[in-house]
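Asker: Sequence:
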Amino acid sequence: MEKTYNPSAIEQKNYQNWEKKGYFKPHGDTSKESFCIMIPPPNVTGSLHMGHAFQDTIMDTIIRYQRMQGKNTLWQHGTDHAGIATQMVVERKLFAETGQTRQELGRETFINKIWEWKEESGGTICKQMRRLGTSVDWDRERFTMDDGLSKAVKKVFVDLYNDDLIYRGKRLVNWDPKLHTAISDLEVESKDEQGFMWYFRYPLADNATTLEGKNYIVVATTRPETMLGDTGVAVNAEDPRYKHLIGKNIVLPFTQRLIPIIADEHADMEKGTGCVKITPAHDFNDYEVGKRNKLPMLNILTFDARIAKEATVFDSNGEVSDVYSAALPIQFQGLTREDARKLVVSELDALGLLEDIKAHALTIPYGDRSAVIIEPMLTDQWYVRVAPLAETATQAVENGDIKFVPQQYENLYKSWMTDIKDWCISRQLWWGHRIPAWYDENGKVYVGHNEEQIRKDNQLDTTVKLTQDEDVLDTWFSSGLWTFSTLGWPEKTLDLKTFHSTDVLVTGFDIIFFWVARMIMMTMHFMKDENGKPQVPFKTIYMTGLIRDENGDKMSKSKGNVLDPLDMIDGIDLESLVTKRCGNMMQPQLAKKIEKQTRKAFAGGIEAHGTDALRFTLAAMASTGRDINWDMNRLEGYRNFCNKFWNASRYVIMSCTDMPCAFNHDADNKQQLSLADRWIQGQLQTTIKEYRHALDTFRFDIAANILYEFIWHQFCGWYLELTKPVLFKGNEAEQRGTRHTLISVLETLLRLAHPIMPFMTEEIWQRLKELTGQGGDTIMLEAFPEVNANLVDKQAVEDLEWLKKVIVAIRNIRGEMDISPKIPLNLLVKNANKDDARRFTENADFLSALAKLESVTMLKNDEKNPICATALVGNLELLIPMAGLIDSKAELTRLNKKLEKTSKDLAKISGKLNNARFVSNAPQAVIDKERGKLAELQSTCEKLEQQINTIKAL
RNA sequence: GCUCGCUUAGCUCAGUGGUAGAGUCCCUGCUCGACAUGCAGGUUGUCACUGGUUCGAACCCAGUAGCGAGCACCA
Numbered sequence: 022m023e024k025t026y027n028p029s030a031i032e033q034k035n036y037q038n039w040e041k042k043g044y045f046k047p048h049g050d051t052s053k054e055s056f057c058i059m060i061p062p063p064n065v066t067g068s069l070h071m072g073h074a075f076q077d078t079i080m081d082t083i084i085r086y087q088r089m090q091g092k093n094t095l096w097q098h099g100t101d102h103a104g105i106a107t108q109m110v111v112e113r114k115l116f117a118e119t120g121q122t123r124q125e126l127g128r129e130t131f132i133n134k135i136w137e138w139k140e141e142s143g144g145t146i147c148k149q150m151r152r153l154g155t156s157v158d159w160d161r162e163r164f165t166m167d168d169g170l171s172k173a174v175k176k177v178f179v180d181l182y183n184d185d186l187i188y189r190g191k192r193l194v195n196w197d198p199k200l201h202t203a204i205s206d207l208e209v210e211s212k213d214e215q216g217f218m219w220y221f222r223y224p225l226a227d228n229a230t231t232l233e234g235k236n237y238i239v240v241a242t243t244r245p246e247t248m249l250g251d252t253g254v255a256v257n258a259e260d261p262r263y264k265h266l267i268g269k270n271i272v273l274p275f276t277q278r279l280i281p282i283i284a285d286e287h288a289d290m291e292k293g294t295g296c297v298k299i300t301p302a303h304d305f306n307d308y309e310v311g312k313r314n315k316l317p318m319l320n321i322l323t324f325d326a327r328i329a330k331e332a333t334v335f336d337s338n339g340e341v342s343d344v345y346s347a348a349l350p351i352q353f354q355g356l357t358r359e360d361a362r363k364l365v366v367s368e369l370d371a372l373g374l375l376e377d378i379k380a381h382a383l384t385i386p387y388g389d390r391s392a393v394i395i396e397p398m399l400t401d402q403w404y405v406r407v408a409p410l411a412e413t414a415t416q417a418v419e420n421g422d423i424k425f426v427p428q429q430y431e432n433l434y435k436s437w438m439t440d441i442k443d444w445c446i447s448r449q450l451w452w453g454h455r456i457p458a459w460y461d462e463n464g465k466v467y468v469g470h471n472e473e474q475i476r477k478d479n480q481l482d483t484t485v486k487l488t489q490d491e492d493v494l495d496t497w498f499s500s501g502l503w504t505f506s507t508l509g510w511p512e513k514t515l516d517l518k519t520f521h522s523t524d525v526l527v528t529g530f531d532i533i534f535f536w537v538a539r540m541i542m543m544t545m546h547f548m549k550d551e552n553g554k555p556q557v558p559f560k561t562i563y564m565t566g567l568i569r570d571e572n573g574d575k576m577s578k579s580k581g582n583v584l585d586p587l588d589m590i591d592g593i594d595l596e597s598l599v600t601k602r603c604g605n606m607m608q609p610q611l612a613k614k615i616e617k618q619t620r621k622a623f624a625g626g627i628e629a630h631g632t633d634a635l636r637f638t639l640a641a642m643a644s645t646g647r648d649i650n651w652d653m654n655r656l657e658g659y660r661n662f663c664n665k666f667w668n669a670s671r672y673v674i675m676s677c678t679d680m681p682c683a684f685n686h687d688a689d690n691k692q693q694l695s696l697a698d699r700w701i702q703g704q705l706q707t708t709i710k711e712y713r714h715a716l717d718t719f720r721f722d723i724a725a726n727i728l729y730e731f732i733w734h735q736f737c738g739w740y741l742e743l744t745k746p747v748l749f750k751g752n753e754a755e756q757r758g759t760r761h762t763l764i765s766v767l768e769t770l771l772r773l774a775h776p777i778m779p780f781m782t783e784e785i786w787q788r789l790k791e792l793t794g795q796g797g798d799t800i801m802l803e804a805f806p807e808v809n810a811n812l813v814d815k816q817a818v819e820d821l822e823w824l825k826k827v828i829v830a831i832r833n834i835r836g837e838m839d840i841s842p843k844i845p846l847n848l849l850v851k852n853a854n855k856d857d858a859r860r861f862t863e864n865a866d867f868l869s870a871l872a873k874l875e876s877v878t879m880l881k882n883d884e885k886n887p888i889c890a891t892a893l894v895g896n897l898e899l900l901i902p903m904a905g906l907i908d909s910k911a912e913l914t915r916l917n918k919k920l921e922k923t924s925k926d927l928a929k930i931s932g933k934l935n936n937a938r939f940v941s942n943a944p945q946a947v948i949d950k951e952r953g954k955l956a957e958l959q960s961t962c963e964k965l966e967q968q969i970n971t972i973k974a975l
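When we follow our numbering, the leftmost residue of the first sequence carries the number 22, and every step to the right adds one.
Treat the hints with care, since some could be wrong.
What the hints assert, rightly or not - The list that follows gives simulated cross-link-like pairs (lysine to aspartate or glutamate, EDC-like), each with its CA atoms no further than 16 Å apart:
#, residue 1, residue 2
1, 621, 571
2, 560, 343
3, 269, 331
4, 925, 908
5, 554, 422
6, 513, 571
7, 665, 227
8, 601, 616
9, 465, 490
10, 554, 571
11, 560, 524
12, 175, 512
These aren't lab readings, by the way, just hints derived from the structure by calculation.
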């Protein structure tokens with residue numbers, strides 16, 4: 022074995038072997054319990070980031086753990102088509118390469134281009150996932166635009182439409198003026214910004230006046246340009262200032278449009294001027310006011326969010342109307358929102374109609390993909406009526422059929438579900454599932470699986486011209502069907518029966534509404550068990566936090582603080598890292614700053630750490646639902662741990678190769694177990710129990726810590742050292758016993774650690790197998806360790822813990838007194854009880870090896886002893902003669918420091934025990950424990966004082 | 001404005017109502033026959049603040065402050 026753990030030499034070859042042999046597949050024995058995880062489908066054209074690495078580590082750990090317990094285990098992989106994101110990427114690529122737009126290319130050709138791109142780049146993330154060791158069943162990989170899934174999407178749409186859960190309507194939607202599509206309210210990001218409030222004078226018609234005798238009223242707005250689409254001014258019915266004006270009209274500046282003053286609850290007397298301009302086609306609140314008051318709607322914007330050449334006029338039902346002139350003043354036509362705003366303000370000012378401008382804090386909606394300001398736009402869109410679906414979905418969480426880990430996310434889920442809005446599912450894109458709706462020439466809509474079926478069902482002959490809806494469905498509509506569509510639905514497949522409901526969903530809290538909630542709603546509506554009860558998509562939802570950078574900032578390309586998991590694994594030199602972070606940026610002006618940051622934070626580049634170390638780090642930091650601030654130091658620490666584990670294995674293998682180890686194939690099986698052998702086996706059982714509990718409760722951080730502590734400090738720190746005297750000096754039976762234990766314990770540890778660190782454990786296990794001659798082809802399919810209570814030897818545990826204390830006490834003296842570890846010591850012992858005496862006799866070899874003792878001499882209590890440095894283990898006094906070794910002043914300092922600390926503890930505890938209320942109220946066990954501690958501390962204090970006095974007396 | 005989460009060693013994070021923990025950093029000494037990605041020893045904390053409950057609070061409760069997130073409002 023190599024002296025230093027070298028992950029690159031072992032990872033890929035093992036992965037390729039696993040995949041080739043089909044170990045990732047469910048074993049298919051349905052008499053065994055099944056277990057299934059559906060991966061949250063990454064974007065098909067995406068690449069792996071730290072968040073994926075984190076979630077994939079968690080999922081793979083769970084899956085490997087369950088698989089090793091013999092379950093029929095499926096981890097289903099797949100990608101989604103990521104409508105907007107993918108279309109954007111290909112559009113940009115097309116334009117860069119040919120200068121063509123998608124419109125110039127035409128829909129069909131463009132879609133073919135996207136498929137080509139998908140074939141080319143779709144494998145990237147899968148290749149990257151393989152580097153992480155993910156044991157997904159690659160043969161079952163699915164894509165949301167596959168035939169099967171597309172069929173499911175169509176059926177769901179048609180069925181929901183027939184159940185009146187999908188409808189089409191002219192509504193105000195969130196319109197993205199850059200991407201030219203509607204987006205759902207979840208895809209809108211609100212940002213707080215400083216802006217202005219403009220106050221305009223709106224002239225009253227027919228010589229009406231306000232109470233003060235003014236011939237205008239004042240409205241306030243943050244969006245002056247929308248005034249071109251005003252169709253009313255609302256005041257509160259109770260407002261004494263304006264009550265008398267209700268029913269009168271305003272002459273809207275520029276267009277001279279006559280618009281009514283109406284009474285509406287929306288107008289708040291306390292707010293602004295009390296008068297609200299109403300623009301139903303360009304503001305969500307105004308839209309509602311318009312509906313209530315039957316105001317016409319004037320759309321004055323193009324899909325680019327510029328002022329149109331002429332407005333489109335609708336009545337309050339959305340029907341085209343001629344109640345108002347569509348004309349828009351020429352000077353505004355074609356202006357952007359920003360330019361139109363400036364011009365409206367300056368022209369109103371010129372007309373003497375600008376009353377005031379005030380600074381104003383407001384929230385601006387941005388598209389999460391395009392980062393441009395979203396525009397409320399009046400368009401025809403398809404919606405899912407969500408409220409009826411939400412009810413069942415909420416109950417599933419309330420009654421515990423679905424559990425959130427950590428639990429507090431249930432509140433978030435519930436609060437969203439109770440106030441849920443209809444979901445706009447149509448997108449004005451080309452890449453996605455085309456909406457299965459057709460229109461005849463009168464605009465009548467027909468929904469069905471295909472045109473042929475629709476003609477048949479509606480007796481439409483070929484003289485009726487049908488055209489399919491141009492729009493596609495929101496990507497989340499298809500991902501919402503993920504758990505069951507990937508298993509073959511709507512066919513009644515064996516997979517569905519075996520693996521649905523799935524067991525655990527591992528995902529980030531940021532898509533709890535986008536995906537998780539919608540998946541629950543969709544699944545429970547379409548999947549029913551044999552009794553007709555809605556099936557949940559998964560029983561447990563494990564929510565991960567975000568991986569942030571070392572300063573707690575979100576990782577993003579524009580900040581240049583993104584870390585690539587593969588760079589953690591393989592390492593990367595500084596120049597490549599700088600190039601990677603600064604190249605291909607949306608905002609190239611940031612590159613300089615990012616370069617500087619990067620050179621500072623990663624002056625030496627990034628070292629290779631290997632997949633197992635990365636996975637171990639992620640697991641160790643996965644405490645429930647919290648964001649993780651990434652820390653390279655933790656990664657390095659756990660890489661060192663891998664090396665430690667590797668070298669411990671190396672020691673075991675070197676010590677046992679070609680030696681009798683008491684496995685079946687050995688001729689002579691006689692073995693004698695040492696105290697250390699019995700102790701480590703016992704400790705291992707406790708560890709298995711705690712470790713399994715941690716995994717069962719999704720506490721991967723605790724699991725990782727248990728492994729770390731046991732392997733490094735118990736197995737390596739104590740046990741391996743304790744095997745050395747046996748292997749070097751013991752008799753044959755003792756050596757066999759120790760070798761047998763070394764191998765057994767290591768083999769168990771490998772299986773224990775395998776779910777978190779698959780590569781290293783497999784590599785070592787294969788080598789260990791040659792020594793044991795036992796086991797199957799791969800550690801992946803070995804049984805996960807179970808607790809064997811028979812292996813716990815209480816006496817051995819107590820004896821060895823005593824031994825550790827004695828050794829540590831002597832090492833303390835050495836360390837603090839600066840006695841070289843090379844110098845052998847003669848230990849004198851006082852106040853030893855029967856057990857102490859026995860333990861000294863039984864463990865002479867261990868003591869000599871680990872504490873470098875030359876001799877141990879028991880002294881009677883009253884026997885005189887030379888001047889010594891001393892230590893205590895309980896009442897047992899350990900004495901190291903000082904002659905020639907120890908400076909008495911140093912020993913005094915050391916003892917005084919100990920005494921000080923002990924006295925402090927003593928004072929605390931005696932104070933407690935002197936408190937009558939403590940003694941009368943605390944449980945007896947606690948009191949006894951405190952009394953025990955008190956006695957011990959008292960005796961320690963006394964002994965320390967004695968020792969101090971002895972030295973002082975010199 | 002509402003809701004939720006967080007605040008523990010220089011840094012990144014665990015933590016059970018009964019004397020504060022890990023990794024990393026720091027200091028001292030070590031080429032001890034697995035490992036210098038190591039070994040031995042050491043230092044490090046008003047557990048954000050203020051009250052309350054309790055014999056006893058880092059832990060339970062209330063409030064305050066700071067940070068973060070989600071939602072709402074925004075004429």
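Asker: None of the hints should be skipped; say for each whether it holds.
Answerer: Going through the hints against the structure:
1. Restraint check for residue 621 and residue 571: satisfied, since their Cα atoms lie roughly 13 Å apart, inside the 16 Å limit.
2. For the given pair, residue 560 sits about 56 Å from residue 343 by alpha-carbon distance, which is inconsistent with the 16 Å threshold.
3. Restraint check for residue 269 and residue 331: the C-alpha separation of about 27 Å exceeds 16 Å, so the hint is violated.
4. As the CA atoms of residue 925 and residue 908 are separated by approximately 26 Å, the hinted pair breaks the 16 Å bound.
5. Between residue 554 and residue 422, the direct Cα distance comes to roughly 12 Å. Compliance with the 16 Å bound is thereby established for this hinted pair.
6. Taking the CA atoms of residue 513 and residue 571, the gap is near 49 Å; set against the 16 Å cutoff, the hint is violated.
7. Proposed proximity of residue 665 and residue 227 is contradicted: the alpha carbons are some 91 Å apart, above 16 Å.
8. For the hint linking residue 601 to residue 616, the alpha-carbon distance of about 10 Å falls within 16 Å, and the restraint holds.
9. Under the criterion of a C-alpha separation no larger than 16 Å, the hint pairing residue 465 with residue 490 is consistent with the structure, at around 11 Å.
10. Distance restraint check for residue 554 and residue 571: the Cα-Cα separation of roughly 47 Å exceeds the 16 Å cut-off, and the hinted pair is therefore not satisfied.
11. In summary, the hint linking residue 560 to residue 524 is supported, as the alpha carbons are separated by about 5 Å, within the 16 Å threshold.
12. This hinted pair checks out: residue 175 and residue 512 have alpha carbons roughly 14 Å apart, not beyond 16 Å.
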